[in-house]
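Undergrad: Here is how the chains run, residue by residue.
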Amino acid sequence: MKITAAFDPVTRIEGHLNITIEIDTVNGVRQVVGAKATGGLFRGFEKLLIGRDPRDAQHITERICGVCPVAHGMAAVKNLDAAFGVTIPENALIMRNLVNGSNFVESHILHFFLLSVPDFIEGPAMPPWQADWEVDRRFSKADNDLLMGHYVQALTMRRKADQMTAIFGGKVPHPPAYIAGGFTCTPRQERIDLFNDFLDELIPFVRDVYIPDVQLLAAKYPDYFTLGRGYGNLLAFGVFDLDTAGSSKLLAQGHVENGSRNVQSLDVNQIAEHVTHSWFEDGPASNPASGTTVPQNPKDGAYSWLKSPRYNDLPYEVGPLARMWVNGDYQNGVSTMDRHLARAYEALKVAEAMRTWVNNLNPAGAVYNEPTLPQSATAYGLTEAPRGALGHWMEITAGKLSRYQVISPTTWNCAPRDDAGVPGPIEQSLLGTPVENPNQPIEVMRIIHSFDPCLDCATHIIQPGKDAKIFRMGVC
Amino acid sequence: MKVSRRSFLKYCTASAAALGLGFSDLQRLEAALASSSVPTLIWLHGSGCQGDSISFLNLFSEDFALPGATLTLADVLITHVNLAYHTVVMASAAQTAVTMANQAKRKGGYVLVLEGGVPTAFDGRACIIATDGGEELTYQQTITNLTGGAAAVVCVGTCASFGGIPMSGPDLNERNPSGVVSCPDFVSSIDPSKLIINIPGCPAHPEWIAWAVVQLILGNVPALDAFRRPQALYGNRTINVHGMNIHENCPRNVNLGGGNSHATTFGQDGKCLENLGCRGPSTYSNCPSRKWHAGENGPVNWCVDCNGMCIGCVEEDFPGNDFYA
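Same order as they appear, the protein sequences are chains A and B.
The first sequence runs contiguously to residue 481 in this note's numbering.
The second sequence runs contiguously to residue 677 in this note's numbering.
Bound-form chain A, shown alone:
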């Protein structure tokens, strides 16, 4: 008998996401046979930006997301640098990377310990840790206590990583120091020294606590190396430019199909957003540089407020696993557990790279080249948020913003079906997942969490409608 398992909200993600799950018994195994992902919040950032000074894009778009504001600041200033035709000083390149890198490590620590570990351990019997789900717990009391202790330690370490973000960024969330043409902060020696002091603590935590804990989890839950695979199509815009021309990056740009180890180069013109199953007026799939967004709701066959971005007409997963795979650092497999492992290894790679970068800063060097603002321009800025590829596209008319489009990581991962009816990456990854207890579908939670969804970022202009049935199952 087919069961509809309603769980809403799914907690420990950022933002409001609804997922409809159907569970049925197939070949004697109770499993997920259907999944639909739906966004739960509409703010309309693209509209809020129209008519603003282009330079404001950095400040406004950072506020798309309290968890990955830095990546939006980075995408916005890369976008503006391109539109203004300005080359930034080396110091600015490095500080942008240090602030973004600190946010990566902070976000990865937050994601594993605070958002994911509670799916596997028993916390203290009081809010906010009391789960009331008693499903598939495999850790000994000693290991459970170890992980809970590390959860508390992670609270401190992610706070310190945010302090690192603020050393050059000013504050976080929403650092003010990103600016078209460079960076506002200066790399004074005491800031370099302070950043190094924090790295002395952060790198050992990632290396000696975070990574071993993910490995411990992987050893206890090896079945999650086969659960939550999805398509295996992985895409990365690349991040952490190593030269001011952006020709070399710590984590490269590229894509692979179906878990291939043959990494292919990326052509941004092959990105198109489909709207057949989204609450927008039907139209041909279009690149965000020319995309239109006309809400229509209700609309037959539509169930999501997100568009469905596709590359070469295929759904692609984005995130640390995609980045590490494309860069050749991790190609073990595509699964729930591989996502956790790749994320942890990436945290160490970025943390160690920051040591080199910070010591390359020149306290006496320039940080800013003042750009000339054009009356009209089109441009885009590609980077990576902690949870995957992020792109901003814009158009300037009469010196003001006339178009701004964002494709966030979670728009890729939580995309609805496309024009051909092909499910989005998370939808696909849930199919076939065995569910022990339909009232406590912990397996589904674990797979969703491995993608680190951030619905705050999924900002497309969307119009909610009256079809309440769509929302019965949700993730918040």
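None of these hints come from the bench; they were simulated from the model.
Remember, predicted model here, so these are calculated numbers, not experimental data.
Hints may be right or wrong, so weigh each one.
Straight-line alpha carbon distances no greater than 20 Å define the calculated SDA-like cross-link-like pairs of lysine to any residue that follow [as the list claims (entries may be wrong)]:
(1) A:K405 / B:D674
(2) A:K405 / B:P522
(3) A:K405 / A:A384
(4) B:K457 / A:D137
(5) A:K405 / B:L524
Assemble chain B onto chain A, guided by the hints.
TA: Quick look at chain B alone, frame taken from chain A:
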């Protein structure tokens, strides 16, 4: 993990100046914590970015009485508040999570913390936050359901306090596309007498949020300004326009002398950013003195110290129009 109430009191003693507590406040706090059950918080997320929750995770204060011992967010959560509902950190999910909020609602007397503005267009369906007994709940409906039993409402961040980012936009045809109203406007329409405290900021400073929680544990009704902001944190500009004005208290203010001068471009240390668009002259908070991101060795930075302009994020008209002059 257990942190004693004594340790919390030590934190409050050590941090008394920062939190604006006097000796009698501390005595009352001790009595309150000794005699009653911990206060319950129901924390809802609406039209916002959840950055205030992330900011609150950065709460730090050193306990000077016990070398090496610190009070962190974990300590606050474990010992001093009962965080019944907060979707970013809570372990439970789905109906189990919603049931926890419902249980707190039945007991009453909770503090309702609101993060994010209230979208009212499309019957509030621009923000759907949960399903309870098969019925979807919008943020708007949930606030309506929870206002009556709340001892107080704390609006954390500028989107909750004033509408903020989702309410903005210079283009009159494009602005506020989801019909956001501020939480105080919405809550007051349900119960005009409800105690509402705004803690604006984009994000709110973690110590501001902690300050509000401590005041409510104490049963204090803090003095508020015309926009429901605590005067202890944001000043009272009608009485003293200088007291908490960021520009007046900025170490870069040219009136201080000492060779201070105006910046003509970005990336210059020590220069006043007023002529580039800095909103310090029209913004009121204790940022220049508290700074941001306190840790074992003090705060590490704040917007102006990294040569970033103050963009007026605590003000009721934030983000307004163009930031740059």
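Undergrad: All the hints need checking, so say for each whether the structure fits it.
TA: Hint-by-hint comparison with the structure:
1. A:K405 / B:D674: holds (10 Å)
2. A:K405 / B:P522: holds (11 Å)
3. A:K405 / A:A384: Holds, at about 13 Å.
4. B:K457 / A:D137: holds (19 Å)
5. A:K405 / B:L524: holds (15 Å)
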